[in-house]
Amino acid sequence: MQNEEDRLELLEKAHQLIESIENNDDETAGDLLNTMSVVREKSLFKEVGQLTRQLHDSLASFALDDQLTELTDKEIPDAKERLNYVIEMTNEAANKTLNAIDEVIPVTNEMQRQSEELSKKWNKFMSRDLSLDEFKKMSGEISVFLDASCKNSKFVHEKANEIMLAQGFQDLTGQIIKKVIGLVQNVEDSLVELVKFSGPVETGSAINKEEKGKLEGPAVPGVVVEGAVNSQDEVDDLLSSLGF
Amino acid sequence: MKILVVDDFSTMRRIVKNLLRELGFTNLDEADDGQTAWPKLKAGGYDFLVTDWNMPGMTGIDLLKNVRANPDTAGMPVLLVTAESKREQIIEAAQAGVNGYIIKPFTAATLKEKIDKIFARKAG
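Quick mapping for you: the protein sequence lines, in order, are chains A and B. Numbers 1 to 244, taken from the numbering used here, label the letters of the first sequence in order. Numbers 1001 to 1124, taken from the numbering used here, label the letters of the second sequence in order.
Rather than coming from a laboratory, the hints here were simulated on the basis of the structure. What you are looking at is a predicted structure, and each value in this text was computed from that prediction instead of being measured. Some hints could be false.
[Claimed, not checked] With a cut-off of at most 35 angstroms between alpha-carbon atoms, the simulated DSBU-like pairs for lysine-lysine come out as follows: (1) B:K1112 / A:K159; (2) B:K1086 / B:K1122; (3) A:K178 / B:K1040; (4) B:K1017 / A:K96; (5) B:K1017 / B:K1122; (6) B:K1086 / A:K74; (7) A:K80 / B:K1122; (8) A:K179 / B:K1112; (9) A:K136 / A:K154; (10) A:K151 / A:K137; (11) A:K151 / B:K1086; (12) B:K1086 / B:K1112; (13) A:K74 / A:K151; (14) B:K1122 / A:K154; (15) A:K214 / B:K1042; (16) B:K1117 / A:K96; (17) B:K1042 / A:K178; (18) B:K1017 / A:K159; (19) A:K159 / B:K1117; (20) B:K1002 / A:K120; (21) A:K179 / B:K1065; (22) B:K1112 / A:K151; (23) A:K46 / A:K13; (24) A:K179 / B:K1042; (25) A:K179 / B:K1086; (26) A:K179 / B:K1002; (27) A:K124 / A:K137; (28) B:K1086 / A:K96; (29) A:K214 / B:K1002; (30) A:K214 / B:K1065.
Construct the entire structure; sequences and hints are all you get.
Given below as structure tokens:
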């Protein structure tokens, strides 16, 4: 029922209806029943009409909101690619680091063994316990050891640099994960919009997107970014074409 | 030569600083985004800026624009080290007056090459 007035009117008619039935006044009873059902139908039509309008509006806004389509068609599969790439990058960085360590440890072990051996001989020499032949042998060994030390220190240094560069994964995967967090936020917002659509009164508005100037972050294999270069060489070529 | 290294990820700042040290640059300072870097640069004393692009607060490109717009810093060489690889962005950086552009992940050799190039140009 629309309002109190309608309710009272209906109540009044109901009383009249009971009265006319009690009085065996079929004609009045029939008229009253007709009037009452017309009122009922009218308000029912009005409500159905309102519901139809709401449904139409919701469907129209929903269809217009390409945010959800974009999310399900592109961004969620992209997010999966991105997260897989994070696993790949962390795996690669861990392997690079462990490989470098595997190469370094035998070298430092060998250096340690040789320096301990030479140290013993040197102490013997210092306490004048070394024969001339032993001294000559030790001199040769020291010479070889010094050469090897130079070479090995350089090797260890290079490996340390490899380990250091491998840690760049933290920045790159961090950027990728931040983007995925942004996507999860978008999904949440879109779901909130969806809940609003299915609500009785409110209509949702499409979420605005900032496409222009959007930063894409690290390149991810399998995720195509329009207009992105594929290597440092392409960056160099592009810059030199611009007069750099 | 005093160099300012700007990146929001501390690991990347450490990596860049270590590599610069390897190349013989020992006077290094760092900032975690454009907003903290800009007051340092304005205060003076820096000869070279190495910056990331995508950072909260102030991005690398805005920092570069600030550097070029201020007469005291306008001539400072700026190297962008970033994961952003869109042509549109590289062109934007070039137009803003960047001196070198390196995409992450990068190698020590690339960093050395770009720095050598920047200073060879500056000297010539």
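For each hint, the structure was consulted:
Taking the CA atoms of K1112 of chain B and K159 of chain A, the gap is near 18 angstroms; set against the 35 angstroms cutoff, the hint holds. Straight-line distance between C-alpha atoms of K1086 of chain B and K1122 of chain B comes to about 27 angstroms, which keeps the hinted pair within the 35 angstroms bound. Restraint check for K178 of chain A and K1040 of chain B: the C-alpha separation of about 27 angstroms stays at or below 35 angstroms, so the hint holds. Proposed proximity of K1017 of chain B and K96 of chain A is supported: the alpha carbons are some 21 angstroms apart, at most 35 angstroms.
Proposed proximity of K1017 of chain B and K1122 of chain B is supported: the alpha carbons are some 22 angstroms apart, at most 35 angstroms. Of the supplied pair hints, the one linking K1086 of chain B and K74 of chain A holds, its CA atoms being roughly 19 angstroms apart against a limit of 35 angstroms. Proximity of K80 of chain A to K1122 of chain B is assessed by CA-CA distance (about 45 angstroms); at most 35 angstroms being required, the pair is judged violated. Note on K179 of chain A and K1112 of chain B: the hinted pairing holds, with a Cα-Cα distance of about 30 angstroms set against a maximum of 35 angstroms.
At most 35 angstroms may separate the alpha-carbon atoms for a hinted pair to count; K136 of chain A and K154 of chain A meet this at roughly 28 angstroms. At most 35 angstroms may separate the alpha-carbon atoms for a hinted pair to count; K151 of chain A and K137 of chain A meet this at roughly 22 angstroms. Between K151 of chain A and K1086 of chain B, the direct Cα distance comes to roughly 42 angstroms. Violation of the 35 angstroms bound is thereby established for this hinted pair. Between K1086 of chain B and K1112 of chain B the CA atoms are separated by roughly 23 angstroms; this keeps the pair inside 35 angstroms, and the hint holds.
Distance hint between K74 of chain A and K151 of chain A is unfulfilled; the C-alpha atoms sit about 52 angstroms from each other, more than 35 angstroms. A threshold of 35 angstroms between alpha carbons decides the hint, and for K1122 of chain B with K154 of chain A the separation of about 32 angstroms falls inside it, so the pair holds. Restraint check for K214 of chain A and K1042 of chain B: satisfied, since their Cα atoms lie roughly 28 angstroms apart, inside the 35 angstroms limit. At roughly 29 angstroms between alpha-carbon atoms, K1117 of chain B and K96 of chain A fall within 35 angstroms of each other, so this suggested pair holds.
For a cut-off of 35 angstroms, the pair hint linking K1042 of chain B to K178 of chain A stands: about 30 angstroms separates their Cα positions. Taken as a hint, the K1017 of chain B and K159 of chain A pair is honoured in the structure, with Cα atoms around 17 angstroms apart against an allowance of 35 angstroms. For the given pair, K159 of chain A sits about 26 angstroms from K1117 of chain B by alpha-carbon distance, which is consistent with the 35 angstroms threshold. Under the criterion of a C-alpha separation no larger than 35 angstroms, the hint pairing K1002 of chain B with K120 of chain A is inconsistent with the structure, at around 47 angstroms.
Between the alpha carbons of K179 of chain A and K1065 of chain B the distance comes to roughly 25 angstroms, so the proposed pair stays at or under 35 angstroms and holds. For the hint linking K1112 of chain B to K151 of chain A, the alpha-carbon distance of about 23 angstroms falls within 35 angstroms, and the restraint holds. The hinted pair formed by K46 of chain A and K13 of chain A meets the criterion: a straight-line CA distance of about 21 angstroms does not exceed 35 angstroms. Between K179 of chain A and K1042 of chain B, the direct Cα distance comes to roughly 32 angstroms. Compliance with the 35 angstroms bound is thereby established for this hinted pair.
Straight-line distance between C-alpha atoms of K179 of chain A and K1086 of chain B comes to about 16 angstroms, which keeps the hinted pair within the 35 angstroms bound. Between K179 of chain A and K1002 of chain B, the direct Cα distance comes to roughly 34 angstroms. Compliance with the 35 angstroms bound is thereby established for this hinted pair. In summary, the hint linking K124 of chain A to K137 of chain A is supported, as the alpha carbons are separated by about 13 angstroms, within the 35 angstroms threshold. Restraint check for K1086 of chain B and K96 of chain A: the C-alpha separation of about 28 angstroms stays at or below 35 angstroms, so the hint holds.
For the given pair, K214 of chain A sits about 32 angstroms from K1002 of chain B by alpha-carbon distance, which is consistent with the 35 angstroms threshold. Among the hinted pairs, K214 of chain A with K1065 of chain B is consistent with the structure: their alpha-carbon atoms are about 18 angstroms apart, no more than 35 angstroms.
Violated hints, listed in ascending order, are 7, 11, 13, 20; each of the other numbered hints is respected by the structure.
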